[in-house]
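S.K.: This is what each chain is made of:
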Amino acid sequence: MRILIIGAGEVGYNIASRLASENKKVTVIDKDEAAIRRLSENLDVQSIRASATSPKTLIEAGIKESQILLAVTDSDEVNLVTCLLSRHMAPEIKMLARVRNAELDDFHQRFRKAAPHIDTIINPETEVVGTIRRLMHIPGAVDVGDFVEGKVSYAGLRIPKSSKMVGMSMSAFSTRFDKDHPLIAAILRNTQVIVPRGDTRFHANDLIYIICEKKDLEEKLNLFGLGHKPVKTALVIGGGRIGERLSRTLVEDGIKTKIIETDLTRCNELSQEISGALVLHGDGSDQSLLLEENIGQTDVVVPVTDDDETNILISLLAKSMGARDTITKIGKTNYHPLLPAIGIDKVVSPRLSAISSILQDVRKGKVLSDISIFGEQGEFIEAIALDRSSITGKPIKKITFPKGTLLLCVIQEGQVIIPTGDTVVDPGNRLLLFAVNHAVKKLETLLSVKFTRKE
Amino acid sequence: MNWRFIGRTIGVLLVLLGVSMAAPLGTAVFFHDGATLLFLDAMGLTLGAGLILILMSQALDPTAYISQQAGMATVALAWVAVCLFGALPFYLSPDFTTLADAVFESVSGFTTTGSSVMTQIEAAAKSLLLWRSLIQWLGGMGIIVLSLAVLPFLGVGGIQLYRAEVPSPVPDKLTPRLSDSAKILWMVYLGFTLLEILMLYAGGMGVYDAINHAFTTMPTGGFSTRNASIAAYNSVYFDYVIVLFMVLAGINFSLHYQLLRGRPLVFWRDSECRFFLILALTLTLVMTWDLWGGVYDRFTDALRYASFQVVSIITTTGYATADYEKFPGLSQVLLLLCMFIGASAGSTGGGIKCARIMVCCKYCYREVFKILHPRSVSQVSINGYPVSDALIRSIMGFLGLYLGIYVISSVLLAALGMDLMTSLGAVAACIGNIGPGFGSVGPAENFAHLPAAGKWLLSWCMLAGRLEIYTIIILFAPEFWKG
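Residue numbers (the numbering used here), protein chains in the order written: chain A, 1 to 455; chain B, 456 to 938.
Please keep in mind that the hints were generated in silico from the structure rather than gathered at the bench.
Note that the Cβ used here is the ideal one computed from N, Cα and C, for glycine as well.
Just so you know, not all the hints are guaranteed correct.
To be verified - With the C-beta cut set under 10 Å, the calculated list includes, among others, these residues of chain B facing chain A: (1) Gln-523; (2) Ala-525; (3) Gly-613; (4) Gln-615; (5) Leu-629; (6) Pro-631; (7) Asp-635; (8) Cys-816; (9) Ser-836.
Unchecked claim - Far from chain B, by Cβ distances over 12 Å, these chain A residues were calculated: (10) Lys-24; (11) Ile-36; (12) Arg-37; (13) Asp-44; (14) Ala-50; (15) Met-89; (16) Ile-184; (17) Pro-230; (18) Gly-276; (19) Tyr-335; (20) Ile-384; (21) Gly-393; (22) Val-416; (23) Asp-426.
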């Protein structure tokens, strides 16, 4: 499969890196020399330094032989024009564009239905606002999300030092909770991803990922002593695109919302745009302002300024001043491994959200959705079991799963089944799997149809 | 330094090398030339060493990060290892007496230089001569590129190795995936080789000779199965067939691929290729004019010998049909110039490469122009694409290192007792991977009489030239080992 990526920025680079490691033929176009050099020095992809809005470049990059076009530059204009051109040059190509401008939100449907007929439009800001909202509703979880059209949920939980689970083995854990125990899909210890086996033991500060039916999520979290406390007040710091979008949805959810923004003109705009929220003019890292606004009584503080370092500091400050919870926006993936050490657990990144949405669009073997965790060291993959693939037609204990992968659940006729060794997967069943990064390729082979590939 | 990665890469390459020894082994059995045991020994040792290295460096972390420096070091060490093990058949054979001789011959083979220390070529075992041609053929497109094409083992770090072995100044990746690019390059290479075998055979050359010569033309190597090289056949047809294939081998292989994909004008549109072809043609015409009347009476003879020597030297092949040391001074100087210019980037030829010469000339012109118009803005461009300042710097650095190594090595060789022409000619021929030099190492002589120290020095020059200086030279930078 040939994939053409426009834009070698953080999103383009990461997607290219993932797809190249899965043996796909990737070509990347970008105008920036440094970005192209970084790409060509590190990845097995073809890189072209030119403007993607030139038809000559697109032909040279092989648009006619490509199946998928991902327009993910930082500029909406470039992305849209490239898609428009490409639709003329390759009418059959599947296109995905990153469009960030909120004013264009209402046009997404039209871009899909009329020219340039973009198949998927990704707005990283929308994705990240969605993630923040989900995290707010489950205060104990560091990371939450849904699969299978919302039937199954996953949640990432940190094991505190005081927990009774510390030192317990997986098998002891299952005996203790009997049938009700939530399925543990993966453990993140320091920066290492572990796919748990019976003898794996929990350590303090492990981040565990659990899977269960959505309706049971609260009940399961109660098992861990992490109950549901509804968020009533929120403080958003930074009134940029994300801040504005987030505040609007929070107000709509009936949460008492305050926004702090440094720029007075922007404050005026915000106060007119969002009627239900309290707009404050000031510096989000100003202690006296935070005290004035009674930060100790705030349920959740969400720093979403453009500056990662500021966001981290504000979160630390807010926690020390008594805020119940914080959700921090951090763009640089390089920082992610360090964050648990300084006590920042709930992290969102527009780029990671965009990357996982895009990857789920690209995967073959009828993958419905997949979600990257741990800064992309592993991912959940939701797929449909295909007829004639190695996974169907025999009991699970007879299937050799690649090392580092785990079949989490099977959905048969709307029923969520936690598989045992005797479970047989039928063609058409939905599957939820977990795989560490370097096992994804092997897992894909397992899921795809043998000999005759239809794409 | 990731020694596991280096060990595994070298191990795999040695296994590949051991397997390729099956070809001369088969030849030895077929001709009963007495070299069967020798090749069995060499094959056993090479395979054994390769397998031991692979076993020792097992369990490579698939997510390990291979830096560019590690890639370069791996390629440099891999070439050294392959050249040493490739020297085994020579060392074990009665035709070679010292280790320096065997290693020189092997390095000269893998780097496609074609300088030889063998004095009695026709008398040597046929299988040994085939091995000599085969290592040129393997080295021509690059041992890493070969292994990328046939074995999918270099997933991790493959890109770094490829860049270290083919440090092309122009972008040349044909397809998004490295292994596909490597496969295409080898298919083109193999195709041309087969075509040349057929054309030589059709002209009346024996199958064995045709295979050997095709194996050494396409990598622009220059080993022959005859003492007198191509002159031994004295055939106009062979001369021109070989000239044609030497020119093809001196052109960037990605252009051949584009030509095969139905772009007939690609040789002309590519500015480097155009430069290379016009240069070769001009030099041929000037030399024909220089030779006509004085050395050769007939115009057709002058053209035939001038074209063969010019193409043979500028593509860095090194076949000879005439002793150019008997040519007039102008022709000799032109040939010395050819030794430095070399073939196109992305071809199998050596030398400085046309693309670098072009960038250098354009850059110098721009500097002069800037003195006259200090505020003018202009960029050096090749094929309509601007060349970045970083690349210009790297090319200038390359030229400086190339000439620096040339000068120092010449002085060292002279210190070992060689005369002026020999020192200058031998180093130029080795660092440019050409073959014959000037003075006592000219096309009618060979390198056998050099002292052992001189042979080691020239072996090093050949490797440095083949891997385009940087890859080899970093092994000599103290910072590299500290860090």
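S.K.: Now tell me, hint by hint, if it's right for this structure.
M.R.: Going through the hints against the structure:
This hint holds: Gln-523(B) has a C-beta 6 Å from the nearest C-beta of chain A, less than the 10 Å allowed. Here the hint on Ala-525(B) is broken, as its CB sits about 13 Å from the closest CB of chain A, past 10 Å. Below 10 Å, beta-carbon pairs count as interface contacts, and Gly-613(B) has one with chain A at about 7 Å; its hint therefore holds. Checking Gln-615(B) against chain A: minimum C-beta separation of about 8 Å stays under 10 Å; hint holds.
Evaluation of the Leu-629(B) hint against chain A yields a held restraint, the C-beta minimum of about 8 Å falling below 10 Å. Look at Pro-631(B): its Cβ gets to within about 4 Å of chain A, closer than 10 Å, so that hint holds up. Evaluation of the Asp-635(B) hint against chain A yields a held restraint, the C-beta minimum of about 7 Å falling below 10 Å. At about 23 Å, the closest approach between the beta carbon of Cys-816(B) and any beta carbon in chain A exceeds 10 Å, and the interface hint on this residue is violated.
The beta carbon of Ser-836(B) is not positioned within 10 Å of any beta carbon in chain A (closest approach about 13 Å), and the interface hint is therefore violated. Residue placement check: Lys-24(A) does not keep its beta carbon more than 12 Å from all beta carbons of chain B (closest about 8 Å). Non-interface call for Ile-36(A) relative to chain B: violated, since the shortest CB-CB distance, roughly 9 Å, does not exceed 12 Å. Its closest Cβ contact with chain B, about 8 Å, brings Arg-37(A) to no more than 12 Å, contrary to its assignment away from the interface.
For Asp-44(A), the requirement that its beta carbon stay farther than 12 Å from each beta carbon of chain B is not met, with the minimum near 5 Å. In this structure Ala-50(A) is not separated from chain B by more than 12 Å, as the shortest Cβ-Cβ distance comes to only about 8 Å. With 12 Å as the threshold on Cβ separation, the claim that Met-89(A) sits away from chain B holds: the shortest Cβ distance comes to roughly 18 Å. No beta-carbon of chain B comes within 12 Å of the beta-carbon of Ile-184(A); the shortest separation is about 23 Å.
With a cut of 12 Å on Cβ distances, Pro-230(A) stays outside the contact zone with chain B, its closest approach being about 41 Å. Every C-beta of chain B lies more than 12 Å from that of Gly-276(A), the closest at about 48 Å, which supports listing it as non-interface. Against the 12 Å criterion, Tyr-335(A) stays outside the reach of chain B, whose nearest CB is about 18 Å from its own CB. Distance to chain B confirms Ile-384(A) as a non-interface residue, since its nearest Cβ pair spans about 28 Å, more than 12 Å.
Look at Gly-393(A): its CB is around 30 Å from the nearest CB on chain B, clear of 12 Å, so calling it non-interface holds up. No Cβ of chain B comes within 12 Å of the Cβ of Val-416(A); the nearest lies about 33 Å off, and the non-interface call holds. At the 12 Å boundary, the C-beta of Asp-426(A) stays outside the reach of chain B, the nearest C-beta of that chain being 33 Å off.
In this structure, the earlier hints numbered 2, 8, 9, 10, 11, 12, 13, 14 are contradicted, and the remaining ones agree with it.
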